[in-house]
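Undergrad: Okay, here's what each chain looks like letter by letter:
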Amino acid sequence: MSFADLLNKIRTRSISVFVIQAGGCRGCVDALSMALSEQNTIKGITLTGNPKHADCLLISGCINEKSKEEIMQIYEKIPSPKAVVAAGACACSGSLFRRQGNQLYIVEDVLPVTSWIRGCTPDGTEMLETIVRAMENVKNKQAKGERDKN
Amino acid sequence: MFEVIIWFFAIILIVPVEYIVENYFKTMMRGQGRSYILQPIYRIIKLFEKKDGTINYFACFFSIGAFVFSLIALYMTVAGFNFLFVVSVLSMMELFIIIGAYSANTFSGKICAQRAVSRFVVLLFTSMVAATTIYKTTGALNLGVLSGYSKSNGVFISLVFTFISLFVILLIKGNIGYFNFGISGDELSVLDAALFTPYSGWSLALVQMTHWIEIGIWIKILSIFLPLNEWVSFLVIMILYLLFLLWDGFVAKVNWKQSAKYSWIWAGGVSLLNFISLYVLR
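Protein chains in written order, with the numbering used here: chain E, 1 to 150; chain G, 1001 to 1282.
Note that these hints are calculated values from the structure, not bench results.
Since we're looking at a predicted model, the values are computed, not measured.
Take the hints with a grain of salt, since some may be wrong.
Restricting the straight-line Cα-Cα distance to at most 16 Å, the calculated cross-link-like pairs of lysine to aspartate or glutamate (EDC-like) are [stated by the list, open to error]:
hint	chain 1	residue 1	chain 2	residue 2
1	G	Lys1051	E	Glu70
2	G	Lys1026	E	Glu38
3	E	Lys66	E	Asp109
4	G	Lys1173	G	Asp1248
5	E	Lys9	G	Asp1248
6	E	Lys43	E	Asp109
7	E	Lys43	E	Glu129
8	E	Lys9	E	Glu136
9	E	Lys43	E	Glu126
If you anchor each label on the Cβ, the simulated ranges turn out as follows [stated by the list, open to error]:
hint	chain 1	residue 1	chain 2	residue 2	range
10	E	Glu70	G	Asn1255	19 to 25 Å
11	E	Ser80	G	Phe1250	33 to 39 Å
12	G	Leu1246	E	Thr125	22 to 28 Å
Some chain E residues flagged as far from chain G (calculated, every beta-carbon gap over 12 Å) [claimed, not checked]:
hint	residue
13	Glu76
14	Pro79
15	Gln103
For each residue, glycine too, the CB sits at the ideal point set by N, CA and C.
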């Protein structure tokens, strides 16, 4: 294992997640909160209320015209490398709320999504695992980008 | 001088160790967040690597300034300088962080600065009253001299309320329980009410290290009150602080105004009790 790999491993062991409940039933956020306090194998994930401290933006629910601007502002404030995770059916595909011309967006329409978590409501442990994988992907992409640049 | 150097580096290293021990115990408790034991260290390493899209040079300047002042305050504490000198340098450090937060020039940054100022006022008031009572009792304010007095005369007994109020200052600084002003950004996010300051990446890492050093300084100051060996006193206060860190995991967060009220009662009010007992009742 190289020094860079070791550093990458360390970095994915402390992930601060900024959660946005854009709309919907709040089931995804509750599932995440429960998973964080359960005795599962995935560790190192904490919630933060400060976008400047965050590494990962987790969005659940459908995004409307008003919250779109706010979400984009919050995304801009998160320092890179950062990951965006769309959690739940509403955030991934709009679920039963999506109709043409009703001014609702899925996360992919607004931000570059790193990972998707399907399901209504998604499994809590799966959410934690996806967050870790999303951060790993971001790091790997960043490292690859730097190698290509050199 | 050799002992001063040892204390200086020991305090820098011991406080992160305290947070590591807290993590160790919390991971074993049901209902607490699962984290790696070395997560505080991982977080610092991670923060040094992060890059902000918009660099706020004020934030960089103020975070470096705060870090330097914390090191100066630490040296003054371990070298046994005057208590009020240490508090004034700590105040300078705090002001640097507050001005840095204000420099974001955003609504949330200003709210954060406002809360920090209200916390700072409690700290200053308590320190002033504590200094007065300490001087009345011992006739000295030098931490080195006080340390000697507490071993020979048992100063702690007549300054018990001052000790409690200064310990509450430690809890306020550590954002613990009912004394958490919500500055650290660990509240659950609400879309339009997320607090943020311009600190991120390495400037946030410096602020975090400043915070650790500050906690170490207050533990060292509190350890002077105990009539024990310096290292044993320091260890006792550390264990007491650790117990409150663990307690923090089980208590509900309160509104910051409520925190301010509790802080005034438990820090300002309790320090006044000692002041009244020494100046009025005697």
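Undergrad: Hints first: check each against the structure and report whether it holds.
TA: Taking the hints in turn, this is what the structure says about them:
{"no.": "1", "hint": "Lys1051(G) / Glu70(E)", "result": "violated, 21 Å"}
{"no.": "2", "hint": "Lys1026(G) / Glu38(E)", "result": "holds, 12 Å"}
{"no.": "3", "hint": "Lys66(E) / Asp109(E)", "result": "holds, 14 Å"}
{"no.": "4", "hint": "Lys1173(G) / Asp1248(G)", "result": "holds, 13 Å"}
{"no.": "5", "hint": "Lys9(E) / Asp1248(G)", "result": "violated, 29 Å"}
{"no.": "6", "hint": "Lys43(E) / Asp109(E)", "result": "violated, 31 Å"}
{"no.": "7", "hint": "Lys43(E) / Glu129(E)", "result": "holds, 9 Å"}
{"no.": "8", "hint": "Lys9(E) / Glu136(E)", "result": "holds, 8 Å"}
{"no.": "9", "hint": "Lys43(E) / Glu126(E)", "result": "holds, 13 Å"}
{"no.": "10", "hint": "Glu70(E) / Asn1255(G): 19 to 25 Å", "result": "holds, 23 Å"}
{"no.": "11", "hint": "Ser80(E) / Phe1250(G): 33 to 39 Å", "result": "holds, 36 Å"}
{"no.": "12", "hint": "Leu1246(G) / Thr125(E): 22 to 28 Å", "result": "holds, 26 Å"}
{"no.": "13", "hint": "Glu76", "result": "violated, 6 Å"}
{"no.": "14", "hint": "Pro79", "result": "violated, 4 Å"}
{"no.": "15", "hint": "Gln103", "result": "holds, 17 Å"}
Consistency note: the structure conflicts with the earlier hints numbered 1, 5, 6, 13, 14.
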